[in-house]
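Chains as they are written, first to last, in my numbering: chain Y, 1 to 235; chain R, 1 to 290; chain D, 1 to 315.
Treat the hints as calculated values from the structure; they're not laboratory data. Every clue listed holds true.
PhoX-like cross-link-like pairs, simulated, lysine-lysine; straight-line CA separation at most 25 Å: (1) Y:Lys53 - Y:Lys16; (2) R:Lys262 - D:Lys130; (3) Y:Lys182 - Y:Lys125; (4) Y:Lys63 - Y:Lys185; (5) R:Lys118 - D:Lys281; (6) Y:Lys16 - R:Lys88; (7) Y:Lys53 - R:Lys88; (8) Y:Lys185 - Y:Lys75; (9) Y:Lys75 - R:Lys185; (10) Y:Lys53 - R:Lys185; (11) D:Lys128 - R:Lys262; (12) Y:Lys75 - Y:Lys182.
To give an idea of the chain Y side of the interface with chain R (calculated C-beta under 7 Å), a few residues: (13) Glu71; (14) Ala74; (15) Gly86; (16) Phe88; (17) Glu90; (18) Glu95; (19) Leu99; (20) Thr103.
Every residue gets a Cβ at the ideal spot worked out from N, C-alpha and C, and that includes glycine.
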Amino acid sequence: MLLEVKALHGAYGESKVLHGLDFVVEEGGVTALLGANGAGKTTTLRAISGMIKVEGEITFAGKRIDGMATEAIAKLGIAHVPDGRGTFMELTVEENLRLGSYTRNDRAGIAADLAKMFELFPKLKERYHQQAGTLSGGEQQMLAIARALLLRPRLLLLDEPSFGLAPLIVREIFATLDEIVKATKVSILVVEQNASLALAIADRAYLLETGRFVMSGAAEDIRKDETLRRSYLGY
Amino acid sequence: MDGLLHQLISGIASGGIYASVALALVMIYQATHHVNFAQGEMAMFSTYIALTLIQAGVPYWAAFCITVPISFAMGAVIQRVLMEPLAKAPILASVGVFIGLLLMFNSVAGWIFTYTLKPFPTPFGEGKPLFGGFISRHELGSTAITLVVLLSIWAFFRFTRLGLAMRAAAFNPVSSRLVGVPVNKMLALGWGLAASIGAIAGMMVAPVIFLDPNMMAGVLLYAFAGALLGGITNPLGAVIGGFIVGIIENLGGAYVVGTELKLTTALFIIVVVLTVKPAGLFGKTVVSRV
Amino acid sequence: MNPTLSRVFPWLFFAAAAVLPLLFASDYRLFQLTMVVVYAVAVLGLNLLTGYNGQVSLGNGAFYAIGAYTTAILMDKFGVPYWATLPFSALVCAGVGFLIGLPALRLGGMYLALTTFALAVATPQLLKYKLFEGWTGGVQGIVIDKPDAPFGLPLNPDQWLYLFCLLVGGVLFLAASNMVRGRIGRAMRAIRDQPTAAEAMGIDIAMFKTRTFATSALFTGISGSLGAITIQFVAPDAFGVPLSLTFFVGMVVGGGASIAGAIMGALFIQFVPNIAEEVSKAAPGAVYGLILIGFMFLLPGGLASLLRLLNGKRA
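Let the sequences and hints guide you as you build the complete structure.
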């Protein structure tokens, strides 16, 4: 078990968003958090990264991380692609990628990983010296994923990688994600509104509704169970 | 013609000082959207530290090299202790603290060192002006130092990992934390760096205008004008703006308004820039209308 | 405090302020209290701008200077009676405030702080400028006469001046408190707290801010006129950065967005530096600085917020 979350409560000011979530992310493979807009998916990821104050226990690789600073959590090996992609617009693609490996000191390893990113996302090589703000949405999403992977994380948090992108590009990105999972040992916790997309690459899925889990199980079972899909996921 | 050339060179020399302070202001502005009104007084205080060391028998360059890290620590501590807790407070709170610092530095300096004008040594020799009288040794030396400082700062931000992290923290603190950049430490470093640049500017300008607790008020005003003229969101622009303001000040002082209205020239530049081109010559348009 | 009492209290306070000092205060104390009234008007002017409207000015001392010089020049060169100079300085200051506010206020809050700071730094130099010397008296400044009590009132000049300033100040305080309680005050606070919503409500923010700035300049200008008459002298070096920062300190200490706070702030800036100055010439600055930082951290609402706290507990 890589990540274990127990009794997670979270609020923005007065309004409670999470009402006691319990879930785990197993080592290797993809876990999906599904749910409609406002269900608390993004808040859950932010809680894991220490971006908001929460109650509950979050244990990563045997270590309690709730209450830790965001940058310290990143250093432990949790990379987070935030909603809106978190691009450093004013900086170049190169600088964005260099920032991805900020916590690392192994020059050779970083260079090798960068070469791997260029293989996965050839577009980034073409745009290497360009200002990141000039990239298209899809390219920025690729940049964000590459930036996160350059941290060489054990856990990758992805917040709506499909958001605002054309279907063709979404398919490309998810295919690449699938490739990454198969080729590396990284575990992924992905948040998606588009359930069918996430279930296609996930091993396990949780369905959130207004801050509570209403269903969870192996992704394959959910995929196959039409009534479950119809009643909860609407497809 | 010779007079004009001389004024131009003097303008570049003082412009370098304004450019340095303008850069210090812009560095903090970019990261926090605050204008540090105490930047000048901090530099003045650093200059007194240097003078105290020199008077205690420390050689000039040794005193210089001790003053810079002390100033760095001073800036970093101020950020950590005073500014960080108020990061999310309304503008009045941060201005209040800046003004509080300004008053404290000013009066503590007056208390310890008195309000009398004090000469400050130049390390470049008092000898005859160079190149047929166009430029004094100090003007040449201080311009060289200023340029070295500006270039090293530029190289630091452009080529080092730490410099990149500081820029990232200024542009996008949320994403910076997510890639593991300790943003608060970067802000403290930025304050330290700004205070160090200010200290060097103070030590370079003090031999020209003499040292007293109010020495930097005028310099700060020109630095404001330079930063706004170049664009307060653009460090390079602010540096260029500082040089332009230095030249305008000297030429204007010599040929147009006379020396009595030098400070008013700075006010005039500020008002004109805000009216005609609020983003400055090289800045991005940041019209926050509210 | 119950509602009736809180409505009557300001009038009682005003009556007490008008009568008690005349009975008990020495001429010097009376002079100090007159300056408290003068500063209270200036702090009130700044408070309208910063406390109620959320815009930081570090250069209101410039408007105080313009008001003071307008009065001094009109009295000295044109023989205008002291009381008749007030409308002139009000107009002049409001006009200058409008012109300076116009460019700075379209932009974010720091720009106004910066521009007004620059204004404060440049003011003494402008007042000394030789082209204006014929009017301003240059570095020497202008000496003006202390007015006598009119209508054969049995008051000495100090007593009369105190009453006169108190009366003018009272009118301005009444006007300000009506203004902030009404529609204009609501708009001012809306712009401070919810600029986007205020704009959506159809408030022309830039124009409104500029008008508030002009109003603030007007109050401060009248305060400067009263100050000039009280001190009987104007000179450039009295109107530099320290004066502007003094008003700022008074506003913060008294408390933003509070009418009563302006009076407390004025008492503070009149009496505390005197006490501190006995320690050292530099001490007032240090005290100001320390207190500013202390208030920002411990009591950002100023003394007025303490008062409100006490009131709330009793009610």
